[in-house]
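Chains as they are written, first to last, in our numbering: chain A, 1 to 284; chain B, 1 to 284.
Everything labelled a hint here was simulated from the structure, so no lab data went into it.
For glycine and all other residues, C-beta sits at the position ideal for the given N, C-alpha and C.
It is possible that part of the hints are untrue.
[As the list claims (entries may be wrong)] Straight line, CA to CA, 27 Å or less: simulated DSS-like cross-link-like pairs of lysine-lysine:
#, chain 1, residue 1, chain 2, residue 2
1, B, Lys266, A, Lys101
2, B, Lys266, A, Lys266
3, B, Lys7, A, Lys236
4, B, Lys101, A, Lys266
5, B, Lys84, A, Lys207
6, B, Lys26, A, Lys207
[Stated by the list, open to error] Pair ranges (Cβ atoms, derived):
#, chain 1, residue 1, chain 2, residue 2, range
7, A, Asn251, B, Ser54, 44 to 52 Å
8, B, Glu139, A, Asn251, 37 to 45 Å
9, B, Gly48, A, Ser201, 20 to 28 Å
10, B, Lys277, A, Glu39, 24 to 32 Å
11, A, Val245, B, Asn47, 41 to 49 Å
12, A, Glu112, B, Lys207, 37 to 45 Å
13, B, Cys148, A, Arg244, 22 to 30 Å
[Said to hold, decoys possible] Here are some of the chain B residues that sit facing chain A, going by a computed Cβ distance under 10 Å:
#, residue
14, Leu41
15, Val74
16, Gly124
17, Leu127
18, Asn140
19, Ala194
20, Gly211
21, Leu217
22, Ile220
23, Asp226
24, Phe232
25, Ile243
26, Arg244
27, Phe253
28, Lys266
29, Ile271
2 protein chains.
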Amino acid sequence: MIDAKTKFAVVGLGVLGGSYIQALSKQGYSIIGIDTDEETLAYAKENGWITEGSTNPSTVKDADLVICCLYPHVFVEWVKENGKYLKPGCLLSDVTGVKQKIIGEINALLPEGVEFIACHPMAGRELRGIHYADSSRFENANFIIVPCENNSQDAIDTAHQLAEILGFRKISQLSGQEHDQMIGFLSQLTHVIAVSLMNASDNTHLKEYTGDSFRDLTRIAKINEDMWPELFILNKENLIHEIRVFTDEMNAFAKLIEEEDVDTMKQKMIISTQRRKQFDPKGE
Amino acid sequence: MIDAKTKFAVVGLGVLGGSYIQALSKQGYSIIGIDTDEETLAYAKENGWITEGSTNPSTVKDADLVICCLYPHVFVEWVKENGKYLKPGCLLSDVTGVKQKIIGEINALLPEGVEFIACHPMAGRELRGIHYADSSRFENANFIIVPCENNSQDAIDTAHQLAEILGFRKISQLSGQEHDQMIGFLSQLTHVIAVSLMNASDNTHLKEYTGDSFRDLTRIAKINEDMWPELFILNKENLIHEIRVFTDEMNAFAKLIEEEDVDTMKQKMIISTQRRKQFDPKGE
Numbered sequence: 001m002i003d004a005k006t007k008f009a010v011v012g013l014g015v016l017g018g019s020y021i022q023a024l025s026k027q028g029y030s031i032i033g034i035d036t037d038e039e040t041l042a043y044a045k046e047n048g049w050i051t052e053g054s055t056n057p058s059t060v061k062d063a064d065l066v067i068c069c070l071y072p073h074v075f076v077e078w079v080k081e082n083g084k085y086l087k088p089g090c091l092l093s094d095v096t097g098v099k100q101k102i103i104g105e106i107n108a109l110l111p112e113g114v115e116f117i118a119c120h121p122m123a124g125r126e127l128r129g130i131h132y133a134d135s136s137r138f139e140n141a142n143f144i145i146v147p148c149e150n151n152s153q154d155a156i157d158t159a160h161q162l163a164e165i166l167g168f169r170k171i172s173q174l175s176g177q178e179h180d181q182m183i184g185f186l187s188q189l190t191h192v193i194a195v196s197l198m199n200a201s202d203n204t205h206l207k208e209y210t211g212d213s214f215r216d217l218t219r220i221a222k223i224n225e226d227m228w229p230e231l232f233i234l235n236k237e238n239l240i241h242e243i244r245v246f247t248d249e250m251n252a253f254a255k256l257i258e259e260e261d262v263d264t265m266k267q268k269m270i271i272s273t274q275r276r277k278q279f280d281p282k283g284e
Numbered sequence: 001m002i003d004a005k006t007k008f009a010v011v012g013l014g015v016l017g018g019s020y021i022q023a024l025s026k027q028g029y030s031i032i033g034i035d036t037d038e039e040t041l042a043y044a045k046e047n048g049w050i051t052e053g054s055t056n057p058s059t060v061k062d063a064d065l066v067i068c069c070l071y072p073h074v075f076v077e078w079v080k081e082n083g084k085y086l087k088p089g090c091l092l093s094d095v096t097g098v099k100q101k102i103i104g105e106i107n108a109l110l111p112e113g114v115e116f117i118a119c120h121p122m123a124g125r126e127l128r129g130i131h132y133a134d135s136s137r138f139e140n141a142n143f144i145i146v147p148c149e150n151n152s153q154d155a156i157d158t159a160h161q162l163a164e165i166l167g168f169r170k171i172s173q174l175s176g177q178e179h180d181q182m183i184g185f186l187s188q189l190t191h192v193i194a195v196s197l198m199n200a201s202d203n204t205h206l207k208e209y210t211g212d213s214f215r216d217l218t219r220i221a222k223i224n225e226d227m228w229p230e231l232f233i234l235n236k237e238n239l240i241h242e243i244r245v246f247t248d249e250m251n252a253f254a255k256l257i258e259e260e261d262v263d264t265m266k267q268k269m270i271i272s273t274q275r276r277k278q279f280d281p282k283g284e
């Protein structure tokens, strides 16, 4: 478990890693920041968000809790290269948006005596870099702990404690399979929809006629092209299934319009209205 | 053109017709309200939004400018039944969300000496009934005038003046074809997407993991099932075309994921980001 003497290392000080050190430093913890970019480290230091900063991965050796805030393939590469520096008895965690494959790969690479507990803070945003770090966003975001069968109860409890320290209030636990199915539908499918809608045809000449509903629906078409393709590929079975089910439904709806089947369209609209209302936070 | 002596009739005092009489009465115009529901008329009267109210369509006979705020097929039926009461020299307008077919049907039904100018105030909302009337919503919404070749310049100018009196600041003019294509993409396709996403599978058990982006994307899945099926059918050629182009794009994207074609996915995300930014109001 985390206590006042726990030494943290955060690897990768982008917008999310930056928010982690911002939140942790507020609580007075000792934090090693590791990043490939000297300016980023200097910025973190100036703000008092890290106790020490280094571009050298071996500085991770003193840390009790190491959190990698890296793109998925970079995370795997990092553990492959630098896992040897992890202190026996330390706990490794992450922020990766897809879990099943990553958990398998990381566990296969872990040195003796190091445990990995997978976590997904659902607080991503399209802005990049430490300058956009803002840990106040954690308050209303979900933090999902994704244990595997090898995990100790202590590691799971520590992840829960970490989420609380970071300021998350909605903390839950899912299996890798449950997590990746949920993400495939709620997050990945919706991003593919928004990207495809903007790519289907160039309709930017219609911008002056646009209302809030179009803008709301397509906001996530502004997307980090360096990260999402690999997240999609890591979850391809779930995501391709969701795309198929959704496009089948769209085509079935087109057929209802073609056949002027008002009654079935009405039923579908009543269902969509009822289901969507369940996603409303109270008061919306 | 509209002046202080112009006598308005608004037919159908739902959420939109109610907002019309609310805005017009603020400017002191004489307004006849026509609705099938006595309570609605009483509410309009109590609020001082109408000068006189009636369930009898023949009361329209004194009006210089008649605006029907009715569902499309009800509008056509109303003109068929009651067009005979329209005063020669009066101007008829509407609020219908699809234009080409309606313009043809209404023009074929018009009595001698009456002109129809098609208008689309893009200020719809899912709440129904006069109690939700709120003309302050007009300020940031689009008002589109859709003239046909028969329209006089005076009718077009009057529609423009009406939009200004109602409080719209974004007023534009499109042909029926341009309007219906625009609506097919910006409004109808996006509603079919949201409805289909909620119908594809029952994912309401995922509600606790939902963030703002999913809620934003699906907000319009809460939809008026009595109105939209007929709007879809009235614009079926455009809408079915848009659905086809969009689902083709989704399926092509699924193939990129299947083939792990990161480069093409990246290109599509760069395009979607660039295009979507053009839809941002300044400052978003």
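Tested hints:
1. Lys266/B - Lys101/A: Within the cut-off at roughly 22 Å; holds.
2. Lys266/B - Lys266/A: 38 Å, violated
3. Lys7/B - Lys236/A: Roughly 63 Å between the alpha carbons, so the hint for Lys7/B and Lys236/A is violated.
4. Lys101/B - Lys266/A: Roughly 22 Å separates the two Cα atoms, so the pair holds.
5. Lys84/B - Lys207/A: 41 Å, violated
6. Lys26/B - Lys207/A: With Cα atoms ~31 Å apart, Lys26/B and Lys207/A exceed 27 Å; violated.
7. Asn251/A - Ser54/B: 44 to 52 Å: Since the Cβ atoms of Asn251/A and Ser54/B sit about 47 Å apart, the hinted range of 44 to 52 Å holds.
8. Glu139/B - Asn251/A: 37 to 45 Å: Holds - the Cβ-Cβ distance for Glu139/B and Asn251/A, about 39 Å, lies within 37 to 45 Å.
9. Gly48/B - Ser201/A: 20 to 28 Å: The hint (20 to 28 Å, Cβ to Cβ) is violated, given that Gly48/B and Ser201/A are roughly 47 Å apart.
10. Lys277/B - Glu39/A: 24 to 32 Å: 26 Å, holds
11. Val245/A - Asn47/B: 41 to 49 Å: Since the Cβ atoms of Val245/A and Asn47/B sit about 48 Å apart, the hinted range of 41 to 49 Å holds.
12. Glu112/A - Lys207/B: 37 to 45 Å: Cβ of Glu112/A to Cβ of Lys207/B: about 42 Å, so the range 37 to 45 Å holds.
13. Cys148/B - Arg244/A: 22 to 30 Å: 43 Å, violated
14. Leu41: With a minimum Cβ separation of about 28 Å from chain A (threshold 10 Å), the hint on Leu41/B is violated.
15. Val74: 14 Å, violated
16. Gly124: At about 9 Å, which falls below the 10 Å cut-off, the nearest Cβ of chain A leaves the hint on Gly124/B intact, so it holds.
17. Leu127: This hint is violated: Leu127/B lies away from chain A, its Cβ roughly 12 Å from the closest one there, beyond 10 Å.
18. Asn140: 8 Å, holds
19. Ala194: 7 Å, holds
20. Gly211: 6 Å, holds
21. Leu217: Constraint on Leu217/B satisfied, holds at 5 Å.
22. Ile220: 5 Å, holds
23. Asp226: It holds, given that the least Cβ distance between Asp226/B and chain A is near 7 Å, below 10 Å.
24. Phe232: 5 Å, holds
25. Ile243: 4 Å, holds
26. Arg244: Holds, about 7 Å.
27. Phe253: Because about 5 Å separates Phe253/B from the closest Cβ in chain A, which is inside the 10 Å limit, the hint holds.
28. Lys266: 4 Å, holds
29. Ile271: 6 Å, holds
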